[in-house]
Every structure is written in structure tokens, then in C-alpha cells.
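Peer 1: Based on the hints, put chains B and C in the right spot on chain A.
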Amino acid sequence: MDQLMVGFMTIMEPMNFLSVFVGVLGGMIIGAMPGLTAPMGVALLIPFTYGMQPVPAITMLVSLYCGATFGGSIAAILVHAPGTPAAAATTFDGYPLAQKGQAGKALGMACISSALGGLFSVVVLILLAPVLAEIAIKFGPPEYFALAVFGLSMISSLGSRSVVKNLLGGTIGVFIACVGMDSISGFSRYDFGLTHLMDGISFIPVMIGLFAATEVFRQAEIGIRKIVVDRKISGLLPTWKEIKSVKTTLLRSSLIGTFIGILPAEGGTVASFIGYNEAKRFSKTPEKFGTGCLEGIAGPECANNAATGGAMIPTMALGIPGSGTTAVILGALLVHGMRPGPLLFLQHTNVVYAVFIGMFLANLMFLGLGLGGAKIFSQILRVPNYVLSPIILVLCVVGTYALHNNMADVWIMLVCGLIGYKMKAYGFAAAPIVLGLVLGELIEISLRRSLIVFDNNPFVFFTRPWSLAFIILTVVGLCMPLITSWIENRGQNNKEK
Amino acid sequence: MNNKDLRMALVLMVIFIILYAMSFSFQSSGVVKSHTTAAFFPRVVLLVAMFLTLIMIIQSIRQGPDAAKKKMDKAVVKRVALTMACAAGFGLGVVYLGTLVSIALFIVATMVVWGVESKRVIIITALLTPLLIYLVFNQILLVQLPSGILI
Amino acid sequence: MKKSLFRVLVAVMAMGFLWQSTAFAADDEYPSKQINWYIHSSAGGGTDIFSRTVALRLRRELKANIVISTMSGGSGARMLNNLMEQPADGYTWNSFTNSNLATMARGNTTASREDVIGIARGCYDPQALVISTKDGGTYKNIEEVLAKAKESPGKVKIGVAHMASIDHVAAYEFGKAAGVEFEFVPFDGGGEIIVAVLGNVIDMGVLNPSEFMGQYEAGNLKPAIMLVADRLKDFPDTPTAKELGYDVEMATWRGVVIKAGTPPEIVEKIRAAFAKSMEHKIYRNYLEDNSMGPESIMVGADWDAFLDAKWPIWKQVMADLGYVKK
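Residue numbers (my numbering), protein chains in the order written: chain A, 30 to 526; chain B, 33 to 183; chain C, 25 to 350.
Think of the hints as simulated: they come from the structure by calculation, not from any bench. The structure displayed is predicted, hence computed values, not measured ones. Cβ atoms here follow ideal geometry from the backbone N, Cα and C, with glycine treated the same way. Mixed in with the good hints, there may be bad ones.
Claimed, not checked - Partner residues are not named here, just some residues of chain C that face chain B (Cβ under 8 angstroms, in silico):
1) V91
2) S93
3) G178
4) G203
5) E205
6) L331
7) W335
8) D344
9) Y347
What the hints assert, rightly or not - In silico lysine-lysine, DSBU-like type, Cα no more than 35 angstroms apart, as pairs:
10) C:K305 x A:K167
11) A:K453 x B:K106
12) C:K266 x C:K179
13) C:K266 x C:K305
14) A:K451 x B:K36
15) C:K305 x B:K65
16) B:K65 x A:K129
17) B:K65 x C:K339
18) B:K65 x C:K87
19) A:K167 x C:K174
20) C:K293 x C:K174
21) C:K293 x C:K87
22) A:K273 x A:K313
23) C:K349 x C:K266
24) B:K65 x C:K266
25) C:K172 x C:K293
26) C:K349 x B:K65
27) A:K129 x A:K270
28) C:K200 x C:K349
29) C:K334 x A:K167
30) B:K36 x A:K453
31) B:K151 x A:K451
32) B:K65 x C:K174
33) A:K167 x B:K65
34) C:K200 x B:K65
35) A:K317 x B:K151
To be verified - Derived coverage of chain A by chain C (criterion: at least 3 residues anywhere in the stretch with Cβ under 8 angstroms from a Cβ of chain C; other residues may be distant):
36) 71–81
37) 88–95
38) 162–175
39) 201–215
40) 317–323
If we strip away everything but chain A, and leave its shape as in the complex, we get (with noise of 0.2 angstroms):
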């Protein structure tokens, strides 16, 4: 408790506070533009961090991971581009609600959503970091392979009304993933002799055109609109009401995403997804997503936030990056004389709790900046179509750019935007393909791993606890919608006798 004080009365100094802020809204303006990503803000921020204290230092860090955490969110629902690939899934439902004239609902719910998700996950980093990173030791490649199938068993029930087309764009995007140097072998597959594909195709060009430009497309169809949006309404955030109406699916996706977050291997993104899929799952009304409701936005949205603080906990307990920004935050602090790792917490004990309190004042913060800006971010829907599409996509084609400073990035960005609005008229939907592609690799790489450790055996997947319950979770969740049906039938045809 003294620590935590401690740590609260260095973050209230003013040059900590402004690293704060600072690092919060770099954070929202580059997780808002598509192909920015937090990573990459990270980096960019580690060298002008080495002249300052290391509790500004890694405070700005982490505050720029969670507030461009959220940025994603801003552009997901304004103009249907993910910011950030975590905000993907946010786009289902934030988007149509928009578009509706509800602008600020939207950015409000993903606000309030992101900070309760992100401060719950910073408690639990807080109280019980020690305990909760073993759970990261105790998943091997057997239990990344069950998790992503049981991640990969929802495209049957996201994108179209066809299982089969959505199945079949879910194994397209697993393919996807298979393009360019196979890391278990380390040889090059699919590449067709270009040097630019060996790295693979990254999910973050493909999400952009899928998403994006694909939209832009659709506005090319529509033409020159007449503005629409009310002011006063796009401008309203979400009751007290229907705040409260989401509670159980903030505490499931706090849940759910922070412990996504712990696990090395998956972050945000794989997070949101699952919080977006069992959001609709345990809905009352499972109908209504997709067509803008405010669960559907609630559940990524708090689920990817509640990740950056479970992420955290592998990183400072074990010295383990649990997502691909800790890693990057990770060398910061070694940069900063600070070796993550079970002893941190006791060589380091001020920092690491300022660090802790200063991410909670992190999630505070872009709070107060979304709520407050809400009402100003969803003008832009004022901006009319014709000026706003084509500043979408030259957005597009410069962040898929900086990404890898690689322009075939660009093509497959401009492509997938290409495929993303042809595909829509044969009943395709761009969820599974994004989807399989975000989980392709992890399937892949786990199976195979898993068979070199365990020496080929496949039953490796049954035998091992946590493996076993994705399995069950699995087959549960896939029987489940046959298995009410059945119930229902059956209810419905003894009422008929």
C-alpha cells in the first residue's frame, strides 16, 4: 500500500503528469491513422526518452501504448478503417451506429469501455502480476494451438448468413497467412520470386483494404451524399442507462482480455475478436449485432484495452513481452538500467509501481480526452463524402506505406480493397478472412511445434489440461446453437401436442 502511495505522489509530479498526457494523446492521434501503429509509436518515441528519469520514460511509453489502444477505436468508427488492428472488431457495430447519426454514442461507449477495461486489467496487474504470470509459463505450444482453434471456430458465426462462405473466407485468410518464409523450416513459400512477399503478407495492409478502402469503394457507388448527420443527436454519448445495460459484457471482456494479454503470444487483437464473438454469444439479442448495437461495441473495445494491461504482466514479472508493444517497451526499460524479470519488482519497486499508477492515470486520461472529444471527433461525419473518401484512402495508402517503408504493402492494400468490395456481391464477408489471417500463423506454427516437442504424437492436445478446456470450449460452443435449436424444436413441438 505504501508502494502504491509512493507510486501515486511521483506520478503527481508535474514533469510524470505531462509525460502522461503526452504520451496518452501521441498515442490516440497514431492509433487513430490506419498502419500507425503502437509499436511502432514506441519505437519511435524510445530514443528521446534516454535523457529523461526512467519513471517519465516508461510512463510516456506505456501511456502511448493505452491511449493508441483506443485511438484505433476513433477511426474503426468514423470511416470503417481500424486504426489499429486490435480495433478491427469494433468496426462491426461501432460503424453502423455511426453511420446511423449516433457518432457519439459510438466513441463514447468504445471510450468508457476501453478505460473500464483498461483499468481493471491495471488493478489486476497491480495486485496480482506474480501470481497471474505463471499462467504464461504453463502455455505451451499445445495450448496456443487449442486457443487459436477455439479463436478460429468463431468465423462460422461472424460475417455472412452462409457457414460455408464463411468458413471458406475464414481458410482463405489462414492461407494468407501461410505466404512467405515458413518460420518452422525457414524456407520461403508462395513468394513467386519476389523478395518483397518472403516476410509474408502482414494482416495490417489487408485489414486496411479490407475495411477502408473498401468502404471508400462503396461511397464511389453512392456518389456525391447530402449530409445527414444531426448535429445535436451525433453529438449525444451514451446514457447512464445504457451504460449499465453492458455491464456483464465489461466484466466478461475485462476478463477475457486480460487474459489474452498475459499470454506471450496473442494480444489486442485476438482479444477484441473473442470479446466481440462472446459478447454476441451471451447476448439477450444476438440479432441486433451488427447493425449497431452498443454490446457489440463494448465487448472488443473493452477487451483489447484490458490486453495492454495483462500484457504488462509477463513483461515486468517474467521479462517477457506479452504483446508486440511491451516488447518494444521491454528494451526501453533496459534502456533505462531496468532488467524485467521476477526481481523487478523488489530492485525496482518505486518505478515499477509510479509505472503501474501512471498507466491507470493513462486510462483516466484518454477518458476524459474521448469523452470530451467525442463530440468534436464525430463532426467529421459532417465533412461531406466526397471530400472525406479520398483523404480516407491517401491516409491508407501513406500508413500502409510507413508501416514497412515497403510500397507492396501498398498494392496489397489497394488490392484487398479491390477483392473486399467484389467479394460483398458473392456473399463474402471480410471478418473470417481478417480473422484466419490474424490467427493463420499461431495455428499454423503451434500445431507443428507441438508435434516436434512431442515427438508427433497428436493426442498431446487432449492430455494437457488447458489445451483440453479450448477443445471442450470449442466443441461447446459449436454444438451450442444446434443443440437450443434442438431444445426449442422440441419445446415447440410438445407445446404443438
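Peer 2: Only chains B and C this time, still in chain A's reference frame:
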């Protein structure tokens, strides 16, 4: 019979078969024998994909005919196609002309294609966007945007 | 009115011409324009942080604008191909690591060892074979691991970060010297290997001290052997490969190369700037924080000789392991 789905499924099937055939040309180490090769997983995925495509083919044959297609207006099709062409030209322009010039050209071209009449709106957007992109990316984020023969 | 406008135009053009010619005049003095420094791995990785840390001082030493960008693709293949397309004028630099040498050795790039000149090496992070000491651990020392490997060939599992990488080559060379056969398990990085060693999924992992230092201090992991000649200051109790009679020396190194054929005076100027920048406190602190010694720094001809020594070894191992492009 749902012709649209059937055509799509057949095209996909052909692509999957070609990709499957390609997997036989992958290199493998020959020394590390206990590991699955690079071709193992893509083949599994492609087999699953082919199976699903087969189901799609069967479904499309058993289904009723295509619902009456609502034809898109010719002008709309033209506008979408031209927007895509502008986007492709933008990509090429970034490489050959330089980013900032291409941004301005792309915005003018798209807006003209969409039929925006106000010249003022076009010019202001075309000038402000590259300026902002330059400030944010080149100056603040230190990203090197490609510069071609122009800026 | 028109006349004065014309005059202004002429004046502007004349000034532009003058400015151009002064720019040309300054061309004799390297560097007179922006230097592009490419790295093959993504932002925030080890190579990125190394490059950015050196560049902090380099910009002042050379009084030049140095821009570091990622050029990913094929483990440095694209970056090296690009270097070959640029003029040999000292304005294009590449960070150069084991992975890039492996890419050359595998024939995946148009560049070969002779096509690049070494500027300086900044990191030399020794490879260690690490075992778990958590709850007593399965093995006590490297002899026990080797005994197990002799007893059941191919059953002792070693975690490496990717195949055909420095980790893989290090474990393979050590196994060859010790006369045993290991099973290699590829992971995506040091963190994942640590998790697998701690979780008893694999028997041993190939890691760098900076990666496992935290867990070592906490008593969960220990290096069983260091693939270096002399014992390290931080690990006085860990035997080295040389002590135990294995002629294997493996480390993760990072440095900078430019295109061969660059005028010698430019090469020397860059080398001198690197030497000074890496003496600075900022860089020394960086090395110390990452558990590397000052011997990491190697400038100029020494680093070229180092690359010359490593080149045939990597070509041989890549061929032995079947990784050379046919």
C-alpha cells in the same frame, strides 16, 4: 442452380488446385528430417478449402436460380471503376512522381470523377491534404515518404 | 509591371542556380546530403535499437541528416539487393547481422561478402545454452544434457529462434563438436524460448545473456555453457566451450556495412565517426544495460577481417543443413 455462386466456386477450385500443385516445388532442407516440411500446412489448408468449395458447388447446384439481380446503373459502375483506376494511378504516382504531388493529383481526379462542382473545395482539399501529410509524416513521425522525380 | 515581374523571376532563378552550384561545391566534402540507413528488421527490435542508439551521436559527428528506415523482406535480401542498386558513394548504409550473412550464404540476395565493406561492429552478444533451474531443474550441467543426448539421439530438444539462424547454427555446431544429435525446435524469439524452457517443454534453449539475465538473477534459469573463449564477467561460474574442449565460438553480432567500391577516404571518414560515437557514454551505457562488453566494438579493417572469417563457416553450415538455394 445459382450460377453466380457456381462460377465463383469453380474459379476458386482452380486456384486452389494450382496452389496445391505449387507446393511440390517448395525447397526442403533434407537434413532436418523429423520436422514437417514447409508444404505440410498449406496442403492441409488447401484440402480443407477444396472440401468447402465442393460443398459450395453442391449447394449452388441445389439452390434455386439467382434472385433477380438489381442492375447497377451504368454511371455508378463507371464511377466506381474510375475511382479504382484513380487509386491504382495514385499507387503508381507515389513511386514515379513522388508522394505529395500524387496526393494532390489523386484528390483532384477522384473529386472530378465523382462530379464535385465546386472548384474551391477541390483546390483547397488538394492543397491542404498533402501539406498535412507532409507535416505529420515527414516532420513529426520522421517517415520517409517516397519521392519520385517531383516532390 | 510586367517588366518588374520578369526581373524578379530572373533574380529568383539566378539565386536558385547559385544555391545549386554551392550545393555542388560542397559535394567534395562528404557528407553533403542525407544518409539513408536501412535495417532489415522491424521497429523496436534489437537491430533497430542498436542503430538508433549509435545514430544519436553519429548525426553530430558527421554533421549529417541520417534517416533510419526499415526495409524488410527476406531476412535482409531486399535491403541488400537495394544496396547493390545504389551508387557506391557512402550515402546508403545497411545494418548487418548474422541473419544477413546467412541470407548471403544461402544465395537469397544478389549481394555477396565481397560486395560490402564493413564499417564497424557494435554488438557482440554471446550465445549461451540455457537450462532450467526452476524446482531443481532436469539437468545440473552441460555434461548431463550431453549424456542424455548420447543415450537417445534426437530426443534432447533445443529451442532456437528460427531455423537457419545464429541460434540454430550455434546449437548445430556445438552438437557436431560434442558428437551428439539434437532436435531443434524453432521459436519466434528469445521470450518464447524462455517460456518453453521454464515450462519444461524443451530441454535447453539458445539465448543471449541480455535475454535471460532477469530470469537468471531470479534463479529460474542458468547458462549451462557459453559459446565463447573466455569466461564472462557476469557469469564467472559458467564454463566456456573452449574450456571444455569444443572449438565453437558463436555470438549474435550487429554492425554496419556499405557498398564495396566506395572511395576509401569516405569509408575512413565514416569509420572514424563510428569509432567516436561508440566511445560516447550513451553507447557504452547501452552496451552495459544489454549485458555486452566493450569488446563488442570493432571498427574498420578488424570488422572486415571478422566478416571474412565468418563467411566460409556460414557458407559451409548453410550447405550442410541444406539451406542453400538450388
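Peer 1: Each hint: holds or not?
Peer 2: Hint by hint, here is what the structure shows:
1. About 6 angstroms separates the beta-carbon of C:V91 from the nearest beta-carbon of chain B, less than 8 angstroms, and the hint is met.
2. Interface hint at C:S93: satisfied, since its Cβ lies 5 angstroms from the closest Cβ of chain B, which is below the 8 angstroms cut-off.
3. Restraint check, C:G178 versus chain B: the minimum CB separation of about 6 angstroms is within 8 angstroms; hint holds.
4. About 17 angstroms separates the beta-carbon of C:G203 from the nearest beta-carbon of chain B, more than 8 angstroms, and the hint is not met.
5. For the restraint placing C:E205 at the interface with chain B, the shortest Cβ-Cβ distance is roughly 10 angstroms, beyond the 8 angstroms limit, so the hint is violated.
6. Hint status for C:L331 relative to chain B: violated, with the closest Cβ pair at about 25 angstroms, above 8 angstroms.
7. Interface restraint check for C:W335: the shortest CB-CB distance to chain B comes to about 21 angstroms, outside 8 angstroms, so the restraint is violated.
8. At a threshold of 8 angstroms, the smallest CB-CB gap from C:D344 to chain B is about 7 angstroms, leaving the interface hint in force.
9. Annotation: interface hint on C:Y347 holds; nearest CB of chain B at approximately 6 angstroms, less than 8 angstroms.
10. Among the hinted pairs, C:K305 with A:K167 is inconsistent with the structure: their alpha-carbon atoms are about 41 angstroms apart, more than 35 angstroms.
11. In summary, the hint linking A:K453 to B:K106 is supported, as the alpha carbons are separated by about 19 angstroms, within the 35 angstroms threshold.
12. With a CA separation close to 25 angstroms, the supplied pair C:K266 and C:K179 stays within the 35 angstroms bound.
13. Of the supplied pair hints, the one linking C:K266 and C:K305 holds, its CA atoms being roughly 32 angstroms apart against a limit of 35 angstroms.
14. Of the pairs offered as hints, the one joining A:K451 and B:K36 holds, with about 13 angstroms between alpha carbons and a cut-off of 35 angstroms not exceeded.
15. Restraint check: the Cα-Cα separation between C:K305 and B:K65 comes to about 48 angstroms, which exceeds 35 angstroms; the hinted pair is violated.
16. Between B:K65 and A:K129 the alpha-carbon distance is near 58 angstroms, which puts this suggested pair outside the 35 angstroms criterion.
17. Using a Cα cut-off of 35 angstroms, the hinted pair B:K65 and C:K339 holds, with the two alpha carbons roughly 21 angstroms apart.
18. Between B:K65 and C:K87, the direct Cα distance comes to roughly 53 angstroms. Violation of the 35 angstroms bound is thereby established for this hinted pair.
19. Of the pairs offered as hints, the one joining A:K167 and C:K174 holds, with about 29 angstroms between alpha carbons and a cut-off of 35 angstroms not exceeded.
20. For the hint pairing C:K293 with C:K174, the CA-to-CA distance comes to about 53 angstroms; that exceeds 35 angstroms, so the pair is violated.
21. In summary, the hint linking C:K293 to C:K87 is supported, as the alpha carbons are separated by about 12 angstroms, within the 35 angstroms threshold.
22. Between the alpha carbons of A:K273 and A:K313 the distance comes to roughly 15 angstroms, so the proposed pair stays at or under 35 angstroms and holds.
23. Pair hint C:K349 plus C:K266 holds up; C-alpha atoms about 33 angstroms apart against a cutoff of 35 angstroms.
24. Between B:K65 and C:K266, the direct Cα distance comes to roughly 30 angstroms. Compliance with the 35 angstroms bound is thereby established for this hinted pair.
25. A threshold of 35 angstroms between alpha carbons decides the hint, and for C:K172 with C:K293 the separation of about 53 angstroms lies outside it, so the pair is violated.
26. Taken as a hint, the C:K349 and B:K65 pair is honoured in the structure, with Cα atoms around 18 angstroms apart against an allowance of 35 angstroms.
27. Our distance criterion of 35 angstroms between C-alpha atoms is met by A:K129 and A:K270, whose separation comes to about 20 angstroms.
28. Distance hint between C:K200 and C:K349 is fulfilled; the C-alpha atoms sit about 23 angstroms from each other, no more than 35 angstroms.
29. Restraint check: the Cα-Cα separation between C:K334 and A:K167 comes to about 39 angstroms, which exceeds 35 angstroms; the hinted pair is violated.
30. Taking the CA atoms of B:K36 and A:K453, the gap is near 12 angstroms; set against the 35 angstroms cutoff, the hint holds.
31. Proposed proximity of B:K151 and A:K451 is supported: the alpha carbons are some 32 angstroms apart, at most 35 angstroms.
32. For a cut-off of 35 angstroms, the pair hint linking B:K65 to C:K174 stands: about 19 angstroms separates their Cα positions.
33. Restraint check: the Cα-Cα separation between A:K167 and B:K65 comes to about 29 angstroms, which is no more than 35 angstroms; the hinted pair holds.
34. For the hint linking C:K200 to B:K65, the alpha-carbon distance of about 17 angstroms falls within 35 angstroms, and the restraint holds.
35. Annotation: proposed proximity of A:K317 to B:K151 is violated, straight-line Cα distance about 42 angstroms (limit 35 angstroms).
36. Given a C-beta distance limit of less than 8 angstroms, the hint that chain C covers the region 71–81 of chain A holds, as 6 residues qualify and 3 suffice.
37. With a threshold of 8 angstroms between beta carbons, the proposed coverage of the region 88–95 of chain A by chain C is violated, since 0 of its residues qualify and at least three are required.
38. Counting residues of the region 162–175 of chain A whose CB lies closer than 8 angstroms to any CB of chain C gives 6, which reaches the minimum of 3, so the coverage claim holds.
39. Only when three residues or more bring their CB closer than 8 angstroms to a CB of chain C does the claim for the region 201–215 of chain A stand; here the count is 5, and the claim holds.
40. Coverage of a stretch by a chain is defined here by at least three residues with a beta carbon nearer than 8 angstroms to that chain's beta carbons; for the region 317–323 of chain A and chain C the count is 0, and the condition is violated.
Violated hints for the displayed structure, listed by number in ascending order: 4, 5, 6, 7, 10, 15, 16, 18, 20, 25, 29, 35, 37 and 40.
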